[in-house]
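Engineer: Residue numbers (this note's numbering), protein chains in the order written: chain S, 1 to 754; chain W, 755 to 891.
Among the hints, erroneous ones may be present.
Some chain S residues close to chain W (C-beta under 8 Å, calculated; not the full set) [as the list claims (entries may be wrong)]:
(1) Ala60
(2) His73
(3) Arg292
(4) Ala293
(5) Thr377
(6) Phe378
(7) Gly379
(8) Ala463
(9) Asp465
(10) Ala469
(11) Gly485
(12) Val494
(13) Leu497
(14) Asp524
(15) Leu527
(16) Leu529
To spell it out: a stretch of chain S is covered by chain W in this simulated footprint if at least three of its residues, at any positions, have a beta carbon under 8 Å from a beta carbon of chain W; those stretches are [what the hints assert, rightly or not]:
(17) 63-69
(18) 186-193
(19) 230-242
(20) 505-515
If you're looking for bench data, these hints aren't it; they were derived computationally from the structure.
Even for Gly, the Cβ is constructed at its ideal location relative to N, Cα and C.
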Amino acid sequence: MAEERRSARFTAREATELRRETLVEAWPELGLVAAQGPADPEPELVVRDGAVMRLDGKDASELDVIDRFLVAHGLDLEIAAEAMALPDERLARMLVDVDVPRDELVRLGRGLTPAKLARVVGMLDPVEMMLALKKLRARRDPGNQAHVTNLKESPALLAADAAEAARRGFDELETTVGVARYAPLNALALLVGSQTGRPGVMTQCAVEERRNLELAIRGLVTYAETLSVYGTEAVFADGDDTPWSKAFLASAYASRGVKVRFTSGTGSEALMGHAAGLSMLYLEARCVAVVRAAGAQGVQNGSISCVALVLSVPGGTRAILAENVLAAWLDLEVASGNDAIASHSPIRKTAKLMGQFLPGTDFVTSGYSIMPRRDNTFGGGNYDADDIDEWLTIQRDWQVDGGIEPVAEEEALRVRERAARAVQAVFAELGLPAVTDAEVEVATVAHGSREMPDRDRAADVEAADELLARGVSALDVALALDRRGYEDVAEAVVGMLRQRVAADYLQTSAVIEPDGLVRSAVNDPNLYLGPGTGYRLEGERWALLQALPHVVDPRGLGTAPADSEPIVEEGGPAAPGDDASEVVVAVGPSFADGLRETIAGLPHADVLAAVVAGVEEAGASARVVRGRRAADVAFIGHDGARLSGSGVALGLQSKGTAVIHRADLQPLDNLELFGMSPLYTLESYRAMGRNAAGYALGRRVGPVPTELDNFARAKLIVRTTLLHAQEARAAVPGASPVELALVSASLRPPSGRL
Amino acid sequence: MGFDPVTDYPLGTRRPDLVTTPSGRPLDDVTLAAARDGRLHAEDTRATATTLGLQAEVARAAGRAQLADGLDRAAELTGVPDDELLAIYTALRPGRSSAAELEAWAARLDEVGAPRNAAFVREAAAAYAVRGLATDG
Numbered sequence: 001m002a003e004e005r006r007s008a009r010f011t012a013r014e015a016t017e018l019r020r021e022t023l024v025e026a027w028p029e030l031g032l033v034a035a036q037g038p039a040d041p042e043p044e045l046v047v048r049d050g051a052v053m054r055l056d057g058k059d060a061s062e063l064d065v066i067d068r069f070l071v072a073h074g075l076d077l078e079i080a081a082e083a084m085a086l087p088d089e090r091l092a093r094m095l096v097d098v099d100v101p102r103d104e105l106v107r108l109g110r111g112l113t114p115a116k117l118a119r120v121v122g123m124l125d126p127v128e129m130m131l132a133l134k135k136l137r138a139r140r141d142p143g144n145q146a147h148v149t150n151l152k153e154s155p156a157l158l159a160a161d162a163a164e165a166a167r168r169g170f171d172e173l174e175t176t177v178g179v180a181r182y183a184p185l186n187a188l189a190l191l192v193g194s195q196t197g198r199p200g201v202m203t204q205c206a207v208e209e210r211r212n213l214e215l216a217i218r219g220l221v222t223y224a225e226t227l228s229v230y231g232t233e234a235v236f237a238d239g240d241d242t243p244w245s246k247a248f249l250a251s252a253y254a255s256r257g258v259k260v261r262f263t264s265g266t267g268s269e270a271l272m273g274h275a276a277g278l279s280m281l282y283l284e285a286r287c288v289a290v291v292r293a294a295g296a297q298g299v300q301n302g303s304i305s306c307v308a309l310v311l312s313v314p315g316g317t318r319a320i321l322a323e324n325v326l327a328a329w330l331d332l333e334v335a336s337g338n339d340a341i342a343s344h345s346p347i348r349k350t351a352k353l354m355g356q357f358l359p360g361t362d363f364v365t366s367g368y369s370i371m372p373r374r375d376n377t378f379g380g381g382n383y384d385a386d387d388i389d390e391w392l393t394i395q396r397d398w399q400v401d402g403g404i405e406p407v408a409e410e411e412a413l414r415v416r417e418r419a420a421r422a423v424q425a426v427f428a429e430l431g432l433p434a435v436t437d438a439e440v441e442v443a444t445v446a447h448g449s450r451e452m453p454d455r456d457r458a459a460d461v462e463a464a465d466e467l468l469a470r471g472v473s474a475l476d477v478a479l480a481l482d483r484r485g486y487e488d489v490a491e492a493v494v495g496m497l498r499q500r501v502a503a504d505y506l507q508t509s510a511v512i513e514p515d516g517l518v519r520s521a522v523n524d525p526n527l528y529l530g531p532g533t534g535y536r537l538e539g540e541r542w543a544l545l546q547a548l549p550h551v552v553d554p555r556g557l558g559t560a561p562a563d564s565e566p567i568v569e570e571g572g573p574a575a576p577g578d579d580a581s582e583v584v585v586a587v588g589p590s591f592a593d594g595l596r597e598t599i600a601g602l603p604h605a606d607v608l609a610a611v612v613a614g615v616e617e618a619g620a621s622a623r624v625v626r627g628r629r630a631a632d633v634a635f636i637g638h639d640g641a642r643l644s645g646s647g648v649a650l651g652l653q654s655k656g657t658a659v660i661h662r663a664d665l666q667p668l669d670n671l672e673l674f675g676m677s678p679l680y681t682l683e684s685y686r687a688m689g690r691n692a693a694g695y696a697l698g699r700r701v702g703p704v705p706t707e708l709d710n711f712a713r714a715k716l717i718v719r720t721t722l723l724h725a726q727e728a729r730a731a732v733p734g735a736s737p738v739e740l741a742l743v744s745a746s747l748r749p750p751s752g753r754l
Numbered sequence: 755m756g757f758d759p760v761t762d763y764p765l766g767t768r769r770p771d772l773v774t775t776p777s778g779r780p781l782d783d784v785t786l787a788a789a790r791d792g793r794l795h796a797e798d799t800r801a802t803a804t805t806l807g808l809q810a811e812v813a814r815a816a817g818r819a820q821l822a823d824g825l826d827r828a829a830e831l832t833g834v835p836d837d838e839l840l841a842i843y844t845a846l847r848p849g850r851s852s853a854a855e856l857e858a859w860a861a862r863l864d865e866v867g868a869p870r871n872a873a874f875v876r877e878a879a880a881a882y883a884v885r886g887l888a889t890d891g
């Protein structure tokens, strides 16, 4: 038996990050099927005398607690008669028809059963789903939410991160706790930090319901999205809830001024072992139907923490986009996942992201990790602090608003320090364990909590308990800020309390502007009806999102400083030579003049000296001329060859591209072309000179070995373009070549005719 | 003083005159200055049942019947103490209560002027009985 052969390419691919993940075939019995499962019921609704007799394959007597809740609160039977009668294809086409307004689809959606919803959305391909999502989003403007946590639960770092996130334009910030008792301190740090960064940013602390309600009552948090729902009765019960208990909790939160968003997502039922053989998308249709029926304004969906499971089955990414579409169709605010790590592979997870990023959702992520992912105690961090420039660049590339704004380093440091100082002041005023100056300083500049000084955690949790026992509220926080000179932050905290009294943010898809204006689906609805309508990234906002701190002015790139000393001196017109051992070195119009170095940063004088030295050490003589009529290296070289006594020339563009040419060749042909200018050293140019001499003297010549850098173009194409543009501008049509002499004696090569 | 649920939203910006705190203070008095002077207290920085009722009207006028129902239930719950609120939530969780216990909570909600929530709890009790989610199911 021969040894097993292995392909080096297959083994290399096995070692990639992507291959750490398991892909599985669909297994519908376990719910491991993305959509259109073989056991998914046929859409069905039979109503007699105003009572539902059959729903999605079940007789009235067989309806489970989810079905019963939907019958009681979720289905508009009057609309159902009309909507359920529409063929699936008709509804699917309406979803992508820009002439069918959102309102009409939302109206029909009130009368559709979960099986019909899943069936219709399942008919769309990914691009159609994106169009549907863009059209169905409840609020006009897309937005984003950030995660703000750290392993040490450092208040100064939480406040600094919250401030930076707010300053970067996130509409909502979510924190949680490693240790439950920390909740009031983390909520406090988030409140102070967020309002320092930008007034109006809403905050939440994901903790157990009783604690959460307590924080809400104190005004320390303004929203909650921890209310999970599931698509089968068994998993719902395992989650220790029913649709009625969750709906009651939602109203309880709202009664205390909390904006409520539910959480659901494909894959949770399969993960919890009770998918009942149904597809992920069908079960999610049941979830979002429950969410709307429960009176929630919105949902966090898009698989959320189960994303990697959904991505293991065929069509998983598509099913996740489909569930976002379903939620939007049911008129819910959508925080569309992209928070938990979807894949080890940056390519794969970003491909998945585009489904939400390009159409835009109310919150493109349900938690962008503003800090490094190792500090993300949600176990999230699909995109994190180190990815922000990438996110900003992708926004700029697509001209799409993903809800994150560029902030200059100096401004980020300013706002971080101020927030850390503000929380230090509040801790001092409220008698909490001191936040030291060292903590403030490190929190301002740190990459993550590893750098933060350790705190006495026992003292912190004791103080947290005591804070609650004392009944400290957001109003006390405002007064503490005010006493310590943070009047604007105090005003912003009171502003959030004012919002709580007015309760406008309880409406669908509400976010708060810095001036206190609430924007929601009520007063800022998405009215997208095709090109030219709806939200478009343009004007001031587009100007803001394209001005990344590291963007440079192309006018300042590549030109020589105005006060540069001259390197060469132009002589008279260059005449044809008669020396058969001569190599003409022909340089471009800007060489050693308007431009002074190659793209690799080699000074032109040195390059010229190296080429001449190479020519001469190979036994030929060099004559330097400037081609003035063209910037193209082929013509520079060919014009030089026609002047050369040997018929051979070395053409040199200012950016460093070179060619060895011969007079009898066509201009675009050549003996050797050196196009990898970023990689060349002076030794490379010397070797080019030697080869040119070899051709001139009629020797056998082996080409100069060249290296390849496939990234050189991506890295340098902008500078290449600018350098070439400058050379092209310096060219004078019809101008004949002139002789050149080096000015600086110190740069004169060891011997030669210069 | 009339209220148009379509044009008067957001209340905080467009109709602050319709919004008061639980003690009857106008929305425009919810300021840092008032807090400094001791005229504003934490327990007074909450939405009233009336305000939540207006928000329910806004939601209903925008075509969001279920959100409106939820806000109406929330309006009723403003008067229910925190502990009781959490106790009712716990009672509604699966396998926690008998039909009689849920009925007792419904009666309690009726008593505190929360008939919508009372009906909601009774509706749950009926569904739980059929689905075996009550302790006596």
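Engineer: With reference to the structure, classify each hint as holding or not holding.
Structural biologist: Against the structure, the hints:
1. Ala60: At about 10 Å, which exceeds the 8 Å cut-off, the nearest Cβ of chain W leaves the hint on Ala60 (chain S) violated.
2. His73: At about 6 Å, which falls below the 8 Å cut-off, the nearest Cβ of chain W leaves the hint on His73 (chain S) intact, so it holds.
3. Arg292: holds, 6 Å
4. Ala293: holds, 6 Å
5. Thr377: Nearest chain W Cβ about 25 Å off; hint violated.
6. Phe378: Violated, about 24 Å.
7. Gly379: At 26 Å from the nearest chain W Cβ, Gly379 (chain S) fails the 8 Å test, so the hint is violated.
8. Ala463: Given a least distance of 19 Å, the restraint on Ala463 (chain S) is violated.
9. Asp465: violated, 17 Å
10. Ala469: With a closest approach of 15 Å, the Ala469 (chain S) hint is violated.
11. Gly485: violated, 13 Å
12. Val494: holds, 5 Å
13. Leu497: OK, holds: Leu497 (chain S) within 8 Å of chain W, min 4 Å.
14. Asp524: For Asp524 (chain S), the interface hint is violated, since the closest Cβ of chain W sits about 10 Å away, which is over 8 Å.
15. Leu527: Interface hint status for Leu527 (chain S): violated (13 Å vs cutoff 8 Å).
16. Leu529: Since the shortest Cβ distance to chain W is 18 Å, the answer is violated.
17. 63-69: Contact hint for the stretch 63-69 of chain S vs chain W: holds, 4 residues under 8 Å.
18. 186-193: Violated: only 0 residues of the stretch 186-193 of chain S have a Cβ under 8 Å from chain W.
19. 230-242: Held - the stretch 230-242 of chain S has 6 residues with a Cβ nearer than 8 Å to chain W, which meets the minimum of three.
20. 505-515: holds (count 3)
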